[in-house]
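Chemist: Residue-level listing of the chains:
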Amino acid sequence: MDIASILGLIIGFGSIAGGYAMDGGNVGKLLMASAFVITLGGSLGAVFACYGMNQLKNLPKMLIEVLIKPKSTIRSTMDYLLFLSKTARESGLLSLEKLISAEDPKKKTDPFLKRGILMVVDGTDPDKISDILSNDIYVFEQNRSQNIQMLDSFAAFCPAFGMVGTIIGLIQVLAAGMEDPNALTKAIGVAFITTLYGVLLANLIFIPTATKLRSRLANYRLEKEMIIEAVCSIRNSVNPRLLNEQLSSYLIIEGKNKTKASKDQSDNKGQMKK
Amino acid sequence: MDIASILGLIIGFGSIAGGYAMDGGNVGKLLMASAFVITLGGSLGAVFACYGMNQLKNLPKMLIEVLIKPKSTIRSTMDYLLFLSKTARESGLLSLEKLISAEDPKKKTDPFLKRGILMVVDGTDPDKISDILSNDIYVFEQNRSQNIQMLDSFAAFCPAFGMVGTIIGLIQVLAAGMEDPNALTKAIGVAFITTLYGVLLANLIFIPTATKLRSRLANYRLEKEMIIEAVCSIRNSVNPRLLNEQLSSYLIIEGKNKTKASKDQSDNKGQMKK
Amino acid sequence: MDIASILGLIIGFGSIAGGYAMDGGNVGKLLMASAFVITLGGSLGAVFACYGMNQLKNLPKMLIEVLIKPKSTIRSTMDYLLFLSKTARESGLLSLEKLISAEDPKKKTDPFLKRGILMVVDGTDPDKISDILSNDIYVFEQNRSQNIQMLDSFAAFCPAFGMVGTIIGLIQVLAAGMEDPNALTKAIGVAFITTLYGVLLANLIFIPTATKLRSRLANYRLEKEMIIEAVCSIRNSVNPRLLNEQLSSYLIIEGKNKTKASKDQSDNKGQMKK
Amino acid sequence: MDIASILGLIIGFGSIAGGYAMDGGNVGKLLMASAFVITLGGSLGAVFACYGMNQLKNLPKMLIEVLIKPKSTIRSTMDYLLFLSKTARESGLLSLEKLISAEDPKKKTDPFLKRGILMVVDGTDPDKISDILSNDIYVFEQNRSQNIQMLDSFAAFCPAFGMVGTIIGLIQVLAAGMEDPNALTKAIGVAFITTLYGVLLANLIFIPTATKLRSRLANYRLEKEMIIEAVCSIRNSVNPRLLNEQLSSYLIIEGKNKTKASKDQSDNKGQMKK
Amino acid sequence: MDIASILGLIIGFGSIAGGYAMDGGNVGKLLMASAFVITLGGSLGAVFACYGMNQLKNLPKMLIEVLIKPKSTIRSTMDYLLFLSKTARESGLLSLEKLISAEDPKKKTDPFLKRGILMVVDGTDPDKISDILSNDIYVFEQNRSQNIQMLDSFAAFCPAFGMVGTIIGLIQVLAAGMEDPNALTKAIGVAFITTLYGVLLANLIFIPTATKLRSRLANYRLEKEMIIEAVCSIRNSVNPRLLNEQLSSYLIIEGKNKTKASKDQSDNKGQMKK
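Protein chains in written order, with full-length UniProt numbering: chain P, 1 to 274; chain D, 1 to 274; chain U, 1 to 274; chain A, 1 to 274; chain C, 1 to 274.
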């Protein structure tokens with residue numbers, strides 16, 4: 001469970017309801033089915049018109065996925081890559097095939113890494129390996145970005161259709177005239193509530209979901225780039241110690257303080273040499 | 001027929017009309033010819049002033065085209081490319097000419113692919129083939145993007161001219177004064193209805209059309225890039241198995257789950273080697 | 001004459017006036033000299049403050065230039081390039097000098113093309129030719145883009161100064177107080193009319209002019225890139241048939257349907273080989 | 001202490017309070033707890049929903065960090081690099097190890113520089129050194145940019161939730177009706193005060209913090225690029241005088257007048273040669 | 001003196017005051033000290049919070065600098081470069097040192113050019129010269145862009161703090177209630193006048209200053225790129241005639257009509273060859 005997302009929703013909606021209650025407002029009066037239908041229905045229609053059925057299928061999946069915290073595997077992947085590098089040095093590149101193909105039911109190997117190592121074992125040219133794996137990331141990223149754009153679209157449509165609801169409500173007021181103040185109040189209520197829904201849906205649901213998935217995608221790319229770098233180094237029989245040096249930059253993704261990490265790194269290395 | 005586009009329009013307009021009716025609004029009162037003339041006519045005029053006649057001809061074509069679902073040919077193209085690769089390996093590059101030139105009335109070969117293969121048969125340098133085909137995509141994409149920009153312009157002009165209608169309506173109110181409340185109501189009606197039309201036209205018609213065509217263009221580019229990669233590999237007599245490895249990244253475009261696909265891939269390959 | 005620009009202005013202003021008249025509005029009341037002075041004068045002042053005198057001189061030129069339809073010369077340029085390529089093959093590179101220098105009073109040779117061919121005749125290195133000509137496009141494009149940005153600035157300033165007029169008008173209302181409703185109506189009239197002028201000037205004059213000139217600049221770049229490609233191929237004695245293949249991508253600029261064009265191309269080539 | 005940041009807050013809030021007081025306004029009436037809860041709480045919730053816990057931890061750190069002025073070390077780093085370059089020339093590359101590893105309790109060596117020099121001592125290939133160190137900057141910059149984006153998000157959410165507060169306040173007014181003018185005034189007060197808080201928080205706290213940290217990051221990158229350039233030059237045994245020439249461009253970061261600096265540079269060099 | 005800037009301010013402010021007076025408005029009533037304090041003071045505070053003291057020092061300098069028209073030296077620089085090229089051809093590269101070091105009290109040599117030529121004399125590798133000089137431009141441009149961004153920030157803050165003043169004014173109205181219409185009018189006056197000041201400061205002062213300095217920076221870059229190209233050509237002993245051909249593209253910066261210039265160029269060259 002991604003606690004930050006849950007906390008965010010609680011803090012966000014809680015603050016608004018709380019601040020409203022502090023001034024004596026009645027939160028229940030903010031709930032109105034027709035406003036919800038106009039804002040969310042209109043936005044959903046526009047999103048449907050924007051994207052193909054093929055892509056729309058991913059929309060509910062993404063809204064759930066964002067609530068699940070991905071396990072950061074950067075540290076263990078790095079250790080595993082260094083282990084592979086040492087094994088390759090000691091027992092030759094071919095020894096990696098058995099290692100990578102061994103199915104460990106508890107801990108699955110990243111298929112991307114596996115694919116890279118199998119190409120190393122096949123003796124594929126390192127530039128070719130890098131090309132194929134980079135292209136893999138590129139295609140994945142293109143595809144993923146298009147999906148995240150659905151959330152951006154949703155975030156842009158919600159306030160627009162909130163405004164549509166407001167305009168419709170005001171037109172209704174004009175049609176009814178000044179004679180029935182009850183209808184007038186009700187209609188203006190619809191007007192403002194749709195705007196409220198539009199802004200809240202965009203700012204507490206769709207913008208955060210898009211931002212979080214985009215940020216995870218950026219980390220995904222960095223992690224895969226680390227794997228490409230390591231796989232090519234293994235193919236080129238680079239010294240495991242130099243590989244460690246190379247990969248240490250990526251530790252920052254896990255939230256370790258960079259400057260410290262790289263200092264430790266250098267210190268360790270300094271000592272190592274003594 | 002692109003069901004998502006049709007569904008989108010139904011959901012979008014339906015939600016707004018439905019939500020409006022839930023509050024007792026009369027949808028018929030939202031229809032007004034003069035508001036339509038100002039909003040759509042003004043926007044059309046601005047779009048005409050923005051683009052050349054040559055380009056404007058494509059506008060109606062694009063609005064229809066977006067309703068037709070393009071058949072995804074990535075899987076069959078990939079199979080065909082692998083088939084060509086194997087044939088080239090077995091019977092030589094020249095054997096491809098007959099294959100590619102054979103007119104199959106049921107299934108037409110992609111002219112872009114055909115052009116590439118004919119250059120391979122001609123013995124053109126692989127870098128030259130890549131240059132020519134990439135340039136082909138580049139020119140096509142430039143041209144297509146300019147056309148899609150017409151829809152972006154439309155989407156930007158509609159709310160602007162909706163606002164123009166609103167301003168004009170309000171000015172009319174002022175000229176008429178406070179004496180005739182009937183004219184006042186009517187004029188403010190025009191004002192808000194033009195804004196409504198502007199926002200709806202932009203958000204349910206032009207933005208979705210532009211988004212969908214741009215997304216298809218991105219897939220078009222990915223598919224053509226796959227063909228270039230494959231054609232150059234065929235020219236360089238790359239092993240068909242390695243070509244399969246290379247192309248597998250592109251399967252994700254068809255909506256197959258990437259991680260799974262690439263895992264299967266690796267597994268298959270792993271088994272293949274046993 | 002660029003018919004689309006003229007049509008655009010007629011459709012745009014006509015729709016607004018027409019829609020306004022349909023509701024019984026008097027178009028004459030929308031004309032007001034002081035509103036015009038504030039909106040256009042303020043914007044012009046800001047544009048003057050933004051750019052140097054040297055650049056401002058081009059502003060009126062561009063507003064006229066956009067009304068003149070440029071003749072598309074891509075087809076004839078391509079034919080001429082292929083003719084030069086064949087001549088160079090048959091009679092040697094030096095034969096091109098006479099050809100390119102011959103002054104034809106009816107049809108002038110593109111000085112950019114002439115410059116390239118004269119460098120070919122001089123035996124300049126092909127990479128150097130490409131560098132010099134590319135740099136020529138780069139400098140031209142930089143300079144031209146800066147000029148088009150003046151129109152973008154105008155388009156951004158007009159609504160801002162329209163709003164300035166509205167604010168000033170409202171302040172005047174407040175100063176006059178509620179006692180003289182006539183002055184109040186007049187002042188609010190100024191307010192809304194300046195906003196109207198700002199939006200219309202931006203959306204029917206300056207945005208369209210900038211868009212059209214920018215789109216022509218993009219085509220200019222594509223055409224010049226085609227010339228560079230062809231000139232370098234001539235310098236490298238590339239086969240005229242391959243050059244034709246290379247250049248065919250550019251036909252799309254003339255509005256020919258790409259897929260069809262490239263298909264014909266391939267077909268022709270297929271037949272040619274029989 | 002970064003005086004500009006402190007001064008900025010004083011000038012900003014002071015001017016607003018001062019200008020308000022000049023017109024006889026009572027600043028105390030602008031303080032309202034519920035408005036603060038809605039604006040800041042809502043924004044905080046949205047930011048929580050946008051980013052992972054791992055990244056959110058950096059948020060308070062960044063708000064403090066921006067108040068501390070970083071010491072510019074570009075001049076001393078440059079001198080140190082030139083000193084290392086001369087030492088390497090005179091006593092060989094290996095002599096650098098002792099120099100760089102010597103712990104000086106008063107002045108710590110930049111771990112990034114140390115890491116580069118240790119690779120030089122190890123005899124790592126210069127291209128490899130450049131790759132590893134550039135990648136280090138790249139990963140750091142990616143990570144840092146993501147953190148600064150949290151502040152951008154905050155700056156974008158504050159006005160949105162300020163508006164949410166305004167809308168809620170207005171809805172409350174409608175619910176209360178026209179009967180109790182006291183409640184009406186209070187509610188509209190909430191409405192405008194939340195908008196005010198949203199705009200002030202964004203424009204005086206979050207936008208400035210993001211801008212300042214982004215600007216420091218740009219300087220950080222320039223400084224590290226200088227180190228990479230120098231380390232590679234030392235590895236390649238470049239003449240210290242030429243290295244000085246190379247590095248002099250970077251002096252501008254310290255705020256020295258560029259043209260003057262480079263002139264002095266050239267003059268000195270001119271004299272040096274006499 | 002940059003006449004366009006002065007003219008711009010006169011036309012801009014004059015049109016607004018003139019148009020206002022045409023409708024009988026009293027310009028004096030638009031002046032209000034407290035509105036000025038809130039708008040400009042608030043923006044200044046925000047800019048202080050955004051940037052370091054080191055950078056803020058350049059702010060007044062830039063506001064004055066924009067009023068001074070820079071002398072275009074592109075033509076004379078080009079002539080000087082061609083003169084250096086010919087001299088180098090005739091008397092050898094070393095002869096340039098004396099030439100470039102000679103101090104001419106009337107006309108100072110561009111230190112950037114001088115630096116390049118001294119490296120040529122030193123026999124530095126042409127790629128190295130290009131690297132060092134390009135890096136010089138890059139660092140200068142980075143630094144300069146950051147300074148110009150201060151003006152962009154100012155332009156963005158002014159309307160925001162104008163709006164802050166408006167909101168504060170309206171809150172004051174509410175606090176005072178409907179009982180004192182005089183205070184009400186005065187307070188709404190403050191409200192609108194701050195918005196007016198914000199929009200005018202942004203659109204007539206800060207946006208134009210930023211635009212003009214950015215445009216000059218672009219020309220600066222083009223001129224320096226021309227120098228790099230020429231210096232490297234001199235180092236490589238390129239034919240002065242070819243250098244002239246190369247540099248002619250840059251003449252367009254001076255406002256000469258490009259097509260004509262390049263035609264003359266070609267014509268001249270055509271004649272030269274006869």
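Hints were generated in silico from the structure; no laboratory data involved.
Careful: at least some of the hints might be erroneous.
[Unchecked claim] With a straight-line Cα cutoff of 16 Å, these simulated EDC-like cross-link-like pairs (lysine to aspartate or glutamate) come out:
1. U:Lys57 / C:Asp2
2. D:Lys69 / D:Asp2
3. A:Lys57 / P:Asp2
4. D:Lys108 / D:Asp79
5. D:Lys57 / U:Asp2
6. D:Lys114 / D:Glu223
7. P:Lys114 / P:Glu141
8. A:Lys114 / A:Glu65
9. P:Lys71 / P:Glu223
10. P:Lys114 / P:Glu225
11. U:Lys71 / U:Glu141
12. C:Lys57 / A:Asp79
13. P:Lys69 / P:Asp2
14. P:Lys57 / D:Glu90
15. P:Lys114 / P:Asp2
Bear in mind that the values here come from a model prediction, so they are computed numbers and not experimental data.
Chemist: Has the given pair, Lys108 (chain D) with Asp79 (chain D), been kept, meaning a C-alpha gap of at most 16 Å?
Modeler: 15 Å, holds
Chemist: Starting from Lys114 (chain D), check that the Cα of Glu223 (chain D) is at most 16 Å away, please.
Modeler: 14 Å, holds
Chemist: Would you mind confirming whether the straight-line C-alpha gap from Lys69 (chain D) to Asp2 (chain D) stays at or under 16 Å?
Modeler: Within the cut-off at roughly 4 Å; holds.
Chemist: Within 16 Å, alpha carbon to alpha carbon, are Lys57 (chain P) and Glu90 (chain D)?
Modeler: 42 Å, violated
Chemist: Are Lys57 (chain A) and Asp2 (chain P) close enough, with their CA atoms no more than 16 Å apart?
Modeler: 14 Å, holds
Chemist: Taking only the CA atoms, is the gap from Lys114 (chain P) to Asp2 (chain P) under or equal to 16 Å?
Modeler: 28 Å, violated
Chemist: Does the structure keep Lys57 (chain C) and Asp79 (chain A) at a Cα separation of 16 Å or less?
Modeler: Answer violated: Lys57 (chain C) to Asp79 (chain A) is near 26 Å, above 16 Å.
Chemist: Given the hint that Lys57 (chain U) pairs with Asp2 (chain C), test it: the Cα-Cα distance must not exceed 16 Å.
Modeler: 14 Å, holds
Chemist: Take a quick look at whether Lys114 (chain P) and Glu141 (chain P) sit within 16 Å of each other, Cα to Cα.
Modeler: With a Cα-Cα distance of about 19 Å, the restraint between Lys114 (chain P) and Glu141 (chain P) is violated, given a limit of 16 Å.
Chemist: Please verify whether Lys57 (chain D) and Asp2 (chain U) have alpha carbons no more than 16 Å apart.
Modeler: 14 Å, holds
Chemist: Taking 16 Å as the top limit, are the C-alpha atoms of Lys71 (chain U) and Glu141 (chain U) close enough?
Modeler: The given pair, whose Cα atoms are some 19 Å apart, is violated under the 16 Å limit.
Chemist: Holds or violated: Lys114 (chain P) with Glu225 (chain P), Cα cutoff 16 Å?
Modeler: 14 Å, holds
The structure fails hints 7, 8, 11, 12, 14, 15 (numbered hints given earlier, in ascending order).
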